[in-house]
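Student: Keeping the supplied structure of chain A fixed, place chain B upon it in accordance with the hints.
Line order of the protein sequences matches chains A and B.
The opening position of the first sequence corresponds to residue 1 in this note's numbering, with each subsequent residue numbered one higher.
The opening position of the second sequence corresponds to residue 1 in this note's numbering, with each subsequent residue numbered one higher.
If you are wondering where the hints come from, they were derived from the structure by calculation, not from laboratory data.
For clarity, every value in this text was computed on a predicted model and none was experimentally measured.
Quick reminder that beta carbons are idealized off the backbone N, C-alpha and C, glycines included.
Treat the hints loosely; a few may be bogus.
Unchecked claim - Partial list, computed: chain B residues near chain A (C-beta under 10 Å):
id, residue
1, S44
2, H53
3, S73
4, G125
5, V133
6, G135
7, V137
8, A142
9, E168
10, G172
11, F181
As the list claims (entries may be wrong) - Covered stretches of chain A, going by a simulated chain B footprint (3 or more residues, C-beta under 8 Å):
id, region
12, 27–33
13, 36–43
14, 86–94
15, 108–121
16, 128–137
17, 226–238
Number of protein chains: 2
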Amino acid sequence: MSDLGEFDIIARYFTRAPRRAVLGVGDDCALLAPLPAGQQLAVSCDMLVEGRHFLSTVAPERLGHKTLAVNLSDLAACGAEPIAFTLALAMPRVDESFLEGFARGMFALADEQRIELVGGDTTAGPLNICITVFGAVPAGQALLRSGARADDDVWVSGTLGDARLALEVFRGSVSLTAEAFEAVRTRMELPAPRVALGLALRGIASSAIDVSDGLVGDLGHVMARSGVGATIDADALPRSAALASLPRAVQLECTLAGGDDYELLFTAPAARRRAVSAAAGRAGVAATRIGHIEAAAGLRLVDGNGAPLRQRFAGFDHFRAEP
Amino acid sequence: MSDLGEFDIIARYFTRAPRRAVLGVGDDCALLAPLPAGQQLAVSCDMLVEGRHFLSTVAPERLGHKTLAVNLSDLAACGAEPIAFTLALAMPRVDESFLEGFARGMFALADEQRIELVGGDTTAGPLNICITVFGAVPAGQALLRSGARADDDVWVSGTLGDARLALEVFRGSVSLTAEAFEAVRTRMELPAPRVALGLALRGIASSAIDVSDGLVGDLGHVMARSGVGATIDADALPRSAALASLPRAVQLECTLAGGDDYELLFTAPAARRRAVSAAAGRAGVAATRIGHIEAAAGLRLVDGNGAPLRQRFAGFDHFRAEP
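Next comes chain A alone, as it looks inside the complex (with noise of 0.2 Å):
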């Protein structure tokens, strides 16, 4: 417990001298000089609610980095650099050692994308945080969730399933030796968003979305949006050494609707494969084809030998899933 004040908290634990930006935090607003000509705005904005997002035995440093990379992988998914971004937050009480911790685990973050924190709000209330993320893209390069056309690969980012995976070893439903559950759980609790891969695959990469609800949702709005279906080989998702080594069941349930992948899901024709390894490559992540878009309306899930999957995936959904 602490007898900071709202403002206290502001000046101790949000407050750093602005680089970029004309004017930071302290204001009623942040001032944000001009982008660079013909480059336009990216701004996404995720809400993070405890034992929603975040299970409250999440040590605060990790879910200050996760709060800021989940938005950040939004501007992945849209081929936008980050510039900036702003932070709400509510909680129960003012918590000195979480705060700390909170503010160095997104600071290290927002260093390492070298971008900065421009404002935002702080108060009392049930633990929620909110960032509101801004980049830039040059016009008509950003990519899109409707950009996907039939004949596209179907490539996804890094493996699939891990935070779910860990999600279920919290729950009891898996286990997993020591050294297995911690590498899971640090891809659950310590996402890497896909902000260089994004940039790589501008003009390459005919459509993208960020892997948050799982693949079968997520790829469900890129079909939606681009008027498109997709055959899908369920055993060529990527997935860790971890999770390839429990049952085949498991295996699909984490890797098709697992969420909270922060991987990136993206098209490009077949002609740019090259391309896409080559953009993989000086992003320093793997790239791996997992299917393919077709005219046909619906997402066919197949096994290696082409086979259809018996099994139902649907997509995480914040109103219809239990917490």
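Tutor: Chain B only, in chain A's frame:
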């Protein structure tokens, strides 16, 4: 209750065709067109929590208005022209009657101010609403908290104290006629952001802030950032007929420490009095001169005869106040 999911809610209540934005609700990011040459982007963010920033009795339509209004008030205090906003909303369950009313109130104010919702987030959780607003202001013309200078006049728009008075009626500590209560309740629930006044004061006011935490607290922010003090005539503070009919102690508490007024508190050189009055006239709102800035630090509250007030007043602090 409802069986609507997260994406149905966004589609049904929060998706309208973009007018100015390049890309609106429905992708990973919104895309905003570059600002006109020489303009900076003003950004502000406010989070509203049930029981802290609004009572559970408020009509959803009024809550939708107020949530956007308090954010627009920050743009007004900077002299920025509103452009767009994002909305993040956590709510315990899908209540379509709430959503319909909330969206109606929010969009009515958005239409009046000719701005649009470009993105956001919807999730399950304790009721929490976070809006981030974007505006444009010519470089170097933003009204800042830091610009007050010794001998400047101190001004405030409209009247102060009605929102606090309404809260005291809800708390049972003051009673009013039904008609007077309705008037002050409307001030609390439907604040009018002083956007037009903020724009009209560019080039005239030396500093500005909006009155959200109470006059004493908000003037304190201006004094701290400007490195000055002030003398304020408490009897000169503009107040409604309803408030003026109550005991002087209630009037002082409500006007000096009330908060939730969303009037503009600003300073201007004494030589610009006619310009201030003309700007207020153009904006269709009263502006009242309530004191002056002094080089000596600290706030001196005096009565109409210049005698010091003996009472103490403090600005609102979310971590130091009872809900």
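Student: Against each hint, give a clear statement of whether it holds in the structure.
Tutor: Evaluation of the provided hints:
Proximity of B/S44 to chain A holds as hinted, the smallest CB-CB distance being about 4 Å (cut-off 10 Å). The interface hint given for B/H53 is met, as the beta carbon of that residue sits about 7 Å from the closest beta carbon of chain A, less than 10 Å. Proximity of B/S73 to chain A holds as hinted, the smallest CB-CB distance being about 8 Å (cut-off 10 Å). At its closest, the beta carbon of B/G125 sits 3 Å from a beta carbon of chain A; the interface hint therefore holds under the 10 Å criterion.
Proximity of B/V133 to chain A holds as hinted, the smallest CB-CB distance being about 8 Å (cut-off 10 Å). Taking 10 Å as the C-beta contact cut-off toward chain A, the hint placing B/G135 at the interface holds, the least distance being around 7 Å. Look at B/V137: its Cβ gets to within about 7 Å of chain A, closer than 10 Å, so that hint holds up. With a least beta-carbon distance of about 6 Å to chain A, the hint placing B/A142 at the interface is held under the 10 Å criterion.
Contact between B/E168 and chain A, as hinted, is not supported at the beta carbon level, the nearest pair being about 20 Å apart and thus beyond 10 Å. The beta carbon of B/G172 comes no nearer than 23 Å to any beta carbon in chain A, farther than 10 Å, and the hint placing it at the interface is violated. This hint is violated: B/F181 has a C-beta 27 Å from the nearest C-beta of chain A, more than the 10 Å allowed. Interface restraint, the region 27–33 of chain A with chain B: holds (7 residues with C-beta to C-beta distance below 8 Å; minimum three).
Proximity of the region 36–43 of chain A to chain B, defined as three or more residues with a beta carbon under 8 Å from a beta carbon of that chain, is established by the 7 residues found. Remark: the region 86–94 of chain A is confirmed as covered by chain B, as 7 of its residues place a Cβ nearer than 8 Å to a Cβ of that chain, reaching the required three. Chain B is given as covering the region 108–121 of chain A, and this holds because 4 residues of the stretch bring a CB closer than 8 Å to a CB of that chain, at least three being needed. For a cut-off of 8 Å, the count of residues in the region 128–137 of chain A with a CB near a CB of chain B stands at 6, and the three-residue condition holds.
Only residues whose beta carbon comes within less than 8 Å of a beta carbon in chain B count, and the region 226–238 of chain A has 0; fewer than three means the coverage is violated.
Of the hints listed earlier, those the structure fails to meet are numbers 9, 10, 11 and 17, in rising order.
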